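Asks: Chain residues, written in single-letter form:
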Amino acid sequence: MDKKTTQLHKYHLSQEAKFIDFGDWSMPFSYEGTLKEHDIVRTSSGFFDVSHMGRLEIQYSEIKKISKLICSEIIDIPSNKALYSIFTNADGNALDDVIFWKFDDKIILIPNASNLEKIKSHLVAHNVEFIDRSPDTVLIAVQGPDTIELIQDRFEIPDKFSTNFTESFLYARTGYTGEDGVEIMANNEDAESLLTFLTEKGVKPCGLGSRDTLRLEASLPLYGFELTEDITPVEASLNWTITNKNEYLGSNRINDQLSGESHKVLKKFTINSRKIARTETVGIAGDTKGLVTSGNFSPVLNKSIGFILFENMPSHDLIEFDIRGNLVEGNIVNKRFLS
Amino acid sequence: MSDIKYLETHEWYLMKDDEITVGISDFAQNELGDIVYVTLPEVGQEFEKGAAVVEVEATKTVADAYAPMDCTITAVNSQLETEPETINNDPCGDGWMFKAKVSTVDDSGMSYQEYETFVS
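These protein sequence lines are chains H and C, in that order.
Residue 237 in this note's numbering sits at position 237 of the first sequence, with consecutive numbering throughout.
Each position in the second sequence, counted from 1, maps to that position plus 1000 in this note's numbering.
These are computed hints drawn from the structure, not numbers from a lab.
Check each hint, because a few of them may be wrong.
[As the list claims (entries may be wrong)] Below, in silico cross-link-like pairs of lysine-lysine (DSS-like), each with a Cα-Cα straight-line distance of 27 Å or less:
| hint | chain 1 | residue 1 | chain 2 | residue 2 |
| --- | --- | --- | --- | --- |
| 1 | H | Lys-289 | C | Lys-1060 |
| 2 | C | Lys-1060 | H | Lys-4 |
| 3 | H | Lys-204 | C | Lys-1060 |
| 4 | H | Lys-268 | C | Lys-1060 |
| 5 | C | Lys-1005 | C | Lys-1049 |
[Claimed, not checked] Derived Cβ-Cβ restraints for the label pairs, each shown as a range:
| hint | chain 1 | residue 1 | chain 2 | residue 2 | range |
| --- | --- | --- | --- | --- | --- |
| 6 | C | Ala-1052 | H | Glu-167 | 52 to 62 Å |
| 7 | H | Leu-318 | C | Glu-1008 | 33 to 43 Å |
| 8 | H | Arg-324 | C | Glu-1008 | 19 to 29 Å |
These figures come from a predicted structure and were not determined experimentally.
Cβ atoms here follow ideal geometry from the backbone N, Cα and C, with glycine treated the same way.
Build out the structure end to end from the sequences listed, making use of the hints.
Replies: This is the structure we're talking about:
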């Protein structure tokens, strides 16, 4: 089957992007190289076409129904806020991690590309009405310390984790890189002028390769790796997202785990030798076995880093990895990779 | 360039008398993406044809470079330990990985044109 491409595919071809298959999609992997793009986002400003992700428009009046499906408080936060949360199933496991953009009259829900159809079915099953705006819009993430200064003459910049809009765009000061920036949703007919604006400002195109090294270095999970339908937000060490005080799908199990029931534990690690512990590498801490969910090189730390899911809370901070037959030592990291 | 030969596993080698210089092809470095760690063999280590000699860790994946023929390592490009990106920038020049004394000559690698056809 032919892979899907975003509405900006012609632009990516014109920039001679390298492509990678990502689920059903063929997406830009890099333009000038992953490490260069990583550096651009850490030091200036880069943009990512993330139009493969979903955009569901929901009337504000549906908010109470949504609140019964996610682990975070969504009703009582101000109407111009963005919210990161997790749709849980009846077992409290993660169906998807998503972003909500709240506006006065509506909510934009941004699911992961691979979970869009699942989340749509889930909403239908729970009588939440929505319009799928994904086909007629694009989503561009503009990220990096210079982003705000570069785009503020065209975009009125909201506070961090807040939303705003113009006639053509809905946007929020959110992202997936650990840097300041905005994510902008534009109608297809406005996409080209947005790209022109960004490139004229010197914002450089970046691909999924650097998006992955940036999110990992920023200690952020990726659905399909850290998050699956076999892990709860508690197990994924995302307790900070569990702010929904009311009953929601799977809240009983999540509350049991919060009250001390034994459960799996996702941890971060660094490795001091020149090896990368990639997905599914076995790591043992004391008597506790774990499997790496993501591992890669951190350009800022100049170190090999990753996430590992342990069967239960490990009693040791030292991890012994079996990397392609070699015994390699690493350490559990309890702080964020980048301060 | 014309003396360089290529293997189906994407190494190149240049044979001069009984010594070979070995690296990975431009196609291979392009497929791997940014190379971040290179683990080189030690001088004096012996390898059989097809054995993994160099481990290359890139942001996208990990790969081995294999011995093109039975050989003993005579030199390694230690610059790659601090500047692994040299392989991305100049895979068939400054990005060479090791030199080795050949014990069993097997000069069956592909020519540049044959390799280009192989990877296209």
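Asks: For each hint, tell me whether it holds in the structure or not.
Replies: Verification of the hints:
1. Restraint check for Lys-289 (chain H) and Lys-1060 (chain C): satisfied, since their Cα atoms lie roughly 25 Å apart, inside the 27 Å limit.
2. For the given pair, Lys-1060 (chain C) sits about 21 Å from Lys-4 (chain H) by alpha-carbon distance, which is consistent with the 27 Å threshold.
3. Our distance criterion of 27 Å between C-alpha atoms is met by Lys-204 (chain H) and Lys-1060 (chain C), whose separation comes to about 21 Å.
4. Distance restraint check for Lys-268 (chain H) and Lys-1060 (chain C): the Cα-Cα separation of roughly 20 Å lies within the 27 Å cut-off, and the hinted pair is therefore satisfied.
5. Restraint check for Lys-1005 (chain C) and Lys-1049 (chain C): the C-alpha separation of about 15 Å stays at or below 27 Å, so the hint holds.
6. Ala-1052 (chain C) and Glu-167 (chain H) have their C-beta atoms about 59 Å apart, which keeps the hinted 52 to 62 Å range intact.
7. Take Leu-318 (chain H) and Glu-1008 (chain C): their Cβ atoms lie about 41 Å apart, and the range 33 to 43 Å holds.
8. At about 21 Å, the beta-carbon gap between Arg-324 (chain H) and Glu-1008 (chain C) stays in the expected band of 19 to 29 Å.
When the structure is compared with the earlier hints, no violation turns up for any of them.
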